[in-house]
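Spelled out from the first residue to the last, the chains are:
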Amino acid sequence: MHIPNIFFDNKNNQIILNEKIGSGGEGDIYSIEGVTSKVAKLYKANKLTSNKITKISLLVEKQLGFPGICIPTSVLNNSTGTVGYIMTKADGKDLGKTVFIKPQLEKYFPMWTRKDLVSLCISIIKKIKFLHEHKIIIGDINQFNILVTENENYFVDTDSYQVNNFPCPVGTIYFTAPEIQGKDYKSFLRTYDQEYFALATLVFMILLPGKAPYAYQGGGNPAENIKNKNFSYPFGDDISWRAPKGVWEFIWHGLPYEIKETFYNVFRLDKRPPPDEWLAKLEKYYLGIENGDYDDTIFPQSQSRNLEYVTTNIGGADSYGTDETRLGYSSWNKIGIIELSTKAVKYLSRSMRKRNDEFQFDDFYRKGELTLTGKGLDNQNKMDMDYFKNNVGFQIGKMVNSARDRGRVDYLYTIATAAYRAATNKDDILSLIKNDYGINVKILSKEEEANATLDAFLFSIGKKKNDLNGNYLLIDMGAGSVEISIFDKDGINNTTSMSLGTTVIQNILLSNTNQDTELNQAIRDTEKFIKDKTKKFLQSKSLPQIPIEKCVGVGTAITNATGLKGNKKQHGFVLEIDRIKRKIQSTNERLTTNFVVVGDIDFENARRNRIDTLLSMRFGLPILIEILAYFKIDEIVVSGTGLWYGIYAQKIWMYNENNKNQKELI
Amino acid sequence: MTDLKIREQDLVDNPTPRVPICLVLDSSYSMSGEPIDELNSGVELFFESVKNDEVAQWSAEICVVTFGGFAKKLLDFEGIQNQSIPTLSADGNTPMDDGVNMALDLLETRKREYSDRGVDYYQPWMVLMTDGEPTQDIASSVYRTVQMIDSKKLTIFPIAIGDGAHLHTLEQYSPSRKPLRLKGLNFSEFFEWLSQSISRVSQSTPGEKVELDVDGIKDWAVL
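The listed protein sequences derive, respectively, from chains A and B.
Each step along the first sequence adds one to the number in our numbering, with nothing skipped, and position 133 is 133.
Each position in the second sequence, counted from 1, maps to that position plus 666 in our numbering.
Don't take every hint at face value.
Derived lysine to aspartate or glutamate pairs resembling EDC-like cross-links, with alpha carbons at most 16 Å apart [unchecked claim]:
id, chain 1, residue 1, chain 2, residue 2
1, A, 245, B, 779
2, A, 107, B, 874
3, A, 102, B, 774
4, A, 389, A, 427
5, A, 536, A, 518
6, A, 284, A, 157
7, A, 102, B, 720
8, B, 849, B, 881
9, B, 819, A, 635
10, A, 183, B, 779
11, A, 271, A, 193
12, A, 281, A, 258
13, A, 107, B, 720
14, A, 227, B, 779
15, A, 44, A, 184
16, A, 245, B, 676
17, A, 245, B, 881
18, A, 583, A, 635
19, A, 245, B, 679
20, B, 875, A, 184
21, A, 93, B, 719
22, A, 528, A, 258
23, B, 818, A, 224
24, A, 528, A, 516
Bear in mind the hints are in silico, worked out from the structure with no lab data behind them.
Predicted, not measured: the structure shown is a model, and the values here were computed from it.
Using the sequences plus the hints, can you model the full thing?
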């Protein structure tokens, strides 16, 4: 078909088209004689509908002059009517052929660093923001309609933009929000919120060049992944271990916390921020790179993960099993306690010389071995039985021998806590212990655990629950979880458990970073996450903010914050908020002066060099501060008597209750 | 680095969604002479034009299986940068069933590799070309192929070469898309069209409908 090459613009100026400089499905692009800054799009005969003409006219009317947005500036008419439009000339190659393919990225922009990617995002978002301010939704944001050069970028294919009631009739799966996947793009108007999804996807695919946010190990097709919100990158304690293999998760680790949080919110929680919010965060990121806070390389060198497949959720389930094992038949009726915690195996008994008198630390024989039991749980909370046998089992054996042979214990009570409660293969664990060491084990429910922990403290001050005046708040910071319970003289009236124990927090830190992540950043980000989670948790549980008579604290973080050694000295110490804050600071200094990157810390052997204790304090104490603030308390009494003393006390009390006239237990 | 390592490393480094393409080609004795020469230059042209496409070269992964005497894997799926163009030679009878089954096995393996590493992929394509009749029962490969097509897990392009090609056989593999007969020995035109189609696919998103260049088909097919 011959097209006469004489055309007119909307002011009836004559336009002469020169050579064809591009072509697409809908039409071709021509240069214009005498005008270097503009080009014309001439539609193919059947491709220009009257709707499209109206839409182009609307876009022209808006007279939007924003550099890089190649929006129609005039219609293009010939003797038959409107046949196309005139727009600013674009330059460069589309993102899909450059930034999104590593070898092409390196070929076209060899000098680029991460800063260039961030500034590309910022520049693109500014254009989107401008369009939104003029009530235009792009609709079909994708990698092929944004062209990039070394320093500029251009939005093309603007005639499909959504304006007034004219929908954007096209789209691509990657950039389509879950709720409109599979819908006919022609049939509805997109919302700003849906555009924000596309915007976040684009930012993701620029910062992790070319990688779609929902690609994951074991993934099905992209549309399904998006609909199911299968976002696989780790954030805080939401860790799937399904992020695509390769450099991608390492790039992710290096992103600022706020950026990761925003992606997580968009792709997992459907919370999609508008351009302004992105701009603030990306500009901060840009400065951070300039200041050396964040890596400037596009593809980080690091490929060494910290660990794989560990649990970040130790909680759940009721009590399970029985605690009593008869070991001997002496007339002493002596009892012993073995506590199997998330971190250790511990044994407690009371000296033969002492009866049921006043509590004295020195009357007790204590023995403990750190076993890091919780680390044997994988991300499905299944206990690795080999790990258990080798690291925990033989320590249990040692304790049982102590109780039987040296301690001459008649009744052994063995109780287990969070890690055991969480394990999906409890039966395997309990039968291994039974078969190999001949003892019964009871897995305590959280409530039983809280009760026993408070009883331990009360026992030490010669009281029982029905002696209480007012409300007692018990904060138990364990390896698996943080338990918060409120008691009065009638017992527990509220207890709740937060899956932020010290082992869990270490796993969060390790799962969100790699060996080359700076420790400073790792600590900062982890702290942000756990403080945030604690705040949200306390609000969501709506724990009663009632007056608290006394707040009692248990756990490594709390006892060590006293700066004193040994449970005996720590017991009864009153920790004030200011002291806790100072302790956080000094712990932080000790950690960051000794270690530069996460890989410097030998987590496996952390217990030997007290790193475990330092980390417990560094992360446990900020949580404690949040809890104290919620209840408006400014001090906490340290209890050096853990759960095991409580079990001991309960057994004694119960026995004495039942056997008033018989020989007492010791 | 072993071949296996390269195959894996490429999946890990290159985020581009993949278009797996199986060429299942008849290399039986009857293809000797001009047909196999033309087919060879067609295949060569195909590789070259995919390599020259800025997106498709990172996206397309080609495997070549021939059936002539026995089924043979000439080329397994891999990034095209690492592949060398195979040369076909004609010999033996026409074990089409084995050929198609082998291609489907390779495809399954590769799909699992994509999935294991978190690489998105498009619905795979299979080009099945023959100039004669299969010399074995094709029931098992027909069953597998049709099942995949029905569940939208495969697109097939059955092509008959010359008058001796048995259209009915090809029809069994392709319940909806009619087999086409190659115009003379226009292999080059066909492969040019194929590479352009792949180029289009590679610029879409996996799962999207892509319109093929229907007009272009007349350059190589008897319509």
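Tested hints:
1. Using a Cα cut-off of 16 Å, the hinted pair residue 245(A) and residue 779(B) holds, with the two alpha carbons roughly 11 Å apart.
2. A threshold of 16 Å between alpha carbons decides the hint, and for residue 107(A) with residue 874(B) the separation of about 29 Å lies outside it, so the pair is violated.
3. Between residue 102(A) and residue 774(B) the alpha-carbon distance is near 27 Å, which puts this suggested pair outside the 16 Å criterion.
4. Restraint check for residue 389(A) and residue 427(A): satisfied, since their Cα atoms lie roughly 14 Å apart, inside the 16 Å limit.
5. Straight-line distance between C-alpha atoms of residue 536(A) and residue 518(A) comes to about 27 Å, which puts the hinted pair past the 16 Å bound.
6. A threshold of 16 Å between alpha carbons decides the hint, and for residue 284(A) with residue 157(A) the separation of about 31 Å lies outside it, so the pair is violated.
7. Only pairs whose Cα atoms come within 16 Å are accepted, and residue 102(A) paired with residue 720(B) is accepted, the gap being roughly 12 Å.
8. Taking the CA atoms of residue 849(B) and residue 881(B), the gap is near 15 Å; set against the 16 Å cutoff, the hint holds.
9. About 64 Å separates the Cα atoms of residue 819(B) and residue 635(A), which puts this hinted pair outside 16 Å; it is violated.
10. For a cut-off of 16 Å, the pair hint linking residue 183(A) to residue 779(B) is broken: about 30 Å separates their Cα positions.
11. Between residue 271(A) and residue 193(A), the direct Cα distance comes to roughly 9 Å. Compliance with the 16 Å bound is thereby established for this hinted pair.
12. Note on residue 281(A) and residue 258(A): the hinted pairing holds, with a Cα-Cα distance of about 7 Å set against a maximum of 16 Å.
13. With a C-alpha separation of about 12 Å, the suggested pairing of residue 107(A) with residue 720(B) holds against the 16 Å cut-off.
14. Pair hint residue 227(A) plus residue 779(B) does not hold up; C-alpha atoms about 23 Å apart against a cutoff of 16 Å.
15. Annotation: proposed proximity of residue 44(A) to residue 184(A) is violated, straight-line Cα distance about 23 Å (limit 16 Å).
16. This hinted pair checks out: residue 245(A) and residue 676(B) have alpha carbons roughly 11 Å apart, not beyond 16 Å.
17. As the CA atoms of residue 245(A) and residue 881(B) are separated by approximately 41 Å, the hinted pair breaks the 16 Å bound.
18. Of the pairs offered as hints, the one joining residue 583(A) and residue 635(A) holds, with about 14 Å between alpha carbons and a cut-off of 16 Å not exceeded.
19. For the proposed pair residue 245(A) and residue 679(B), the alpha carbon gap of about 9 Å is at most 16 Å, so the pair holds.
20. Taking the CA atoms of residue 875(B) and residue 184(A), the gap is about 12 Å. The hint holds against a cut of 16 Å.
21. A threshold of 16 Å between alpha carbons decides the hint, and for residue 93(A) with residue 719(B) the separation of about 14 Å falls inside it, so the pair holds.
22. For the suggested pair residue 528(A) and residue 258(A), the alpha carbons sit about 10 Å apart, so the restraint of at most 16 Å is met.
23. Restraint check for residue 818(B) and residue 224(A): the C-alpha separation of about 14 Å stays at or below 16 Å, so the hint holds.
24. The suggested pairing of residue 528(A) with residue 516(A) is violated, with an alpha-carbon distance near 20 Å, which exceeds 16 Å.
Against the hints set out earlier in the document, violations occur for numbers 2, 3, 5, 6, 9, 10, 14, 15, 17 and 24.
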